[in-house]
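Chains V and D are the protein sequences, given in the same order. When you line the first sequence up against numbering that gives the first Met the number 0, it's residues 0 to 202, in that order. When you line the second sequence up against numbering that gives the first Met the number 0, it's residues 0 to 202, in that order.
Mixed in with the good hints there might be a few duds.
Since the list gives no way to pick one copy over another, a pair counts as held whenever it fits inside one copy or between any two copies.
Subject to a maximum C-alpha distance of 27 Å in a straight line, what follows is the list of computed BS3-like cross-link-like pairs (lysine-lysine) [what the hints assert, rightly or not]:
id	residue 1	residue 2
1	Lys144	Lys39
2	Lys150	Lys166
3	Lys199	Lys166
4	Lys13	Lys150
5	Lys98	Lys46
Hint data in this document are derived by calculation from the structure and do not stem from the laboratory. Because the structure is a prediction, the values reported are computed rather than measured.
Number of protein chains: 2
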Amino acid sequence: MEEIVRQVMAAVEKSGLVEIEVSARHVHLTQSDFEIIFGKGKTMTPKRDLSQPGQYLAAERVDIIGPKRKMTNVAVLGPVRKDTQVELSRSDCIALGVKAPLRESGDVAGSGQIRIEGPCGAIDIPQGVIVAHKHIHVPTEMAEKLGLHDKQRVSVEAITERPVVFKDVIIRVSDNFRFRMHVDFDEANGADISGFTLGKIIR
Amino acid sequence: MEEIVRQVMAAVEKSGLVEIEVSARHVHLTQSDFEIIFGKGKTMTPKRDLSQPGQYLAAERVDIIGPKRKMTNVAVLGPVRKDTQVELSRSDCIALGVKAPLRESGDVAGSGQIRIEGPCGAIDIPQGVIVAHKHIHVPTEMAEKLGLHDKQRVSVEAITERPVVFKDVIIRVSDNFRFRMHVDFDEANGADISGFTLGKIIR
Numbered sequence: 000m001e002e003i004v005r006q007v008m009a010a011v012e013k014s015g016l017v018e019i020e021v022s023a024r025h026v027h028l029t030q031s032d033f034e035i036i037f038g039k040g041k042t043m044t045p046k047r048d049l050s051q052p053g054q055y056l057a058a059e060r061v062d063i064i065g066p067k068r069k070m071t072n073v074a075v076l077g078p079v080r081k082d083t084q085v086e087l088s089r090s091d092c093i094a095l096g097v098k099a100p101l102r103e104s105g106d107v108a109g110s111g112q113i114r115i116e117g118p119c120g121a122i123d124i125p126q127g128v129i130v131a132h133k134h135i136h137v138p139t140e141m142a143e144k145l146g147l148h149d150k151q152r153v154s155v156e157a158i159t160e161r162p163v164v165f166k167d168v169i170i171r172v173s174d175n176f177r178f179r180m181h182v183d184f185d186e187a188n189g190a191d192i193s194g195f196t197l198g199k200i201i202r
Numbered sequence: 000m001e002e003i004v005r006q007v008m009a010a011v012e013k014s015g016l017v018e019i020e021v022s023a024r025h026v027h028l029t030q031s032d033f034e035i036i037f038g039k040g041k042t043m044t045p046k047r048d049l050s051q052p053g054q055y056l057a058a059e060r061v062d063i064i065g066p067k068r069k070m071t072n073v074a075v076l077g078p079v080r081k082d083t084q085v086e087l088s089r090s091d092c093i094a095l096g097v098k099a100p101l102r103e104s105g106d107v108a109g110s111g112q113i114r115i116e117g118p119c120g121a122i123d124i125p126q127g128v129i130v131a132h133k134h135i136h137v138p139t140e141m142a143e144k145l146g147l148h149d150k151q152r153v154s155v156e157a158i159t160e161r162p163v164v165f166k167d168v169i170i171r172v173s174d175n176f177r178f179r180m181h182v183d184f185d186e187a188n189g190a191d192i193s194g195f196t197l198g199k200i201i202r
């Protein structure tokens with residue numbers, strides 16, 4: 000059975016179809032911010048692996064506070080990073096009263112501000128809040144097969160009952176990636192993406 | 000100045016560009032449901048005209064209650080209709096714990112259930128909750144100019160910093176319509192549609 004699934008997925012991927020995953024709001028922390036929030040000398044506790052190798056959902060959770068409201072129990076993703084970053088949907092931004100630019104993950108210069116709180120302390124980040132630009136993680140081998148290259152922009156048609164074509168989707172290529180498209184909850188809800196959903200890559 | 004705006008909009012529309020308006024969650028009521036909620040013999044109070052001729056935002060507001068939570072102060076749109084109908088986004092449905100199909104306005108048979116409450120009473124509707132199918136109101140004259148017909152399905156590219164092509168957009172033609180595309184807040188937020196936004200109709 001597993002072998003059949005593997006073969007089907009290989010055939011699907013060769014056809015330029017990619018699984019679309021939905022990213023909920025989440026926080027990445029530096030080690031030093033993690034220690035302010037969770038205690039001196041503490042380290043992140045992996046709870047569940049994510050689809051991208053080495054990435055995990057942490058057992059620790061935080062509250063995030065904007066001018067309009069607080070959201071509690073927000074996911075922290077590990078491992079720790081060189082910059083603290085909060086990824087929100089546009090509707091999260093509106094609810095919190097926070098301004099955030101549409102950015103690629105890691106590109107935090109001049110991005111939005113927010114307060115992050117946990118059991119041992121809080122930080123006010125002067126930048127780091129972004130709305131994540133939709134993107135596809137492409138393993139190097141798959142990129143070669145499909146003729147895709149890093150930083151390329153493509154369109155992707157979500158195959159759902161409420162179809163949209165996502166334009167301006169960023170291709171990211173690395174040996175370490177698993178082949179997945181990532182959209183946020185606004186993009187997903189507007190296209191009724193839930194459960195296992197495929198998208199067709201259009202050059 | 001008004002004349003210039005009129006001429007620009009006429010040129011824009013002739014190019015197959017349509018203004019995209021965002022519909023927030025709202026409720027349509029029958030006269031009898033209105034009277035249960037707001038009092039025997041009461042009638043709806045127009046507060047502000049909407050873009051479609053004869054349609055208005057009512058001064059009256061309601062609360063809607065699903066299994067998971069309540070949303071207060073929800074807009075009621077007038078005039079009264081032959082069926083009570085609640086239009087929610089998919090994210091509203093998730094927050095409320097309500098199931099609702101993607102439907103055209105007015106097509107409520109077998110749709111979702113919810114409780115609607117106001118100052119004088121409450122109703123539990125056995126059907127009427129829908130997620131509105133994206134659509135374009137096209138005046139008959141404009142439909143002729145653009146070669147569009149009632150019930151046709153088209154695609155529309157939202158011209159924003161976060162572009163998507165909405166597929167399967169329903170064309171509705173009537174002498175009484177003003178030329179406008181309607182999407183809900185999930186669709187709008189996923190495409191960063193806010194303020195004055197145009198979409199390009201693609202056959």
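Going through the hints against the structure:
1. Neither within a single protomer nor between protomers do Lys144 and Lys39 lie at most 27 Å apart by alpha-carbon distance, with minima of 47 Å and 69 Å respectively.
2. Taking the closest pair of Cα atoms, Lys150 and Lys166 come within 27 Å of each other both inside a single copy (14 Å) and across two copies (26 Å).
3. Taking identical chains as interchangeable, the C-alpha atoms of Lys199 and Lys166 lie at most 27 Å apart whether they share a chain (12 Å) or sit on different chains (14 Å).
4. Taking the shortest Cα distances, Lys13 and Lys150 sit within 27 Å of each other inside one copy (20 Å), while across copies they are farther apart (36 Å).
5. When the C-alpha separation of Lys98 and Lys46 is checked against a cutoff of 27 Å, the pair qualifies neither within a copy, at 30 Å, nor between copies, at 31 Å.
The structure is inconsistent with the numbered hints 1 and 5, although it conforms to all the rest.
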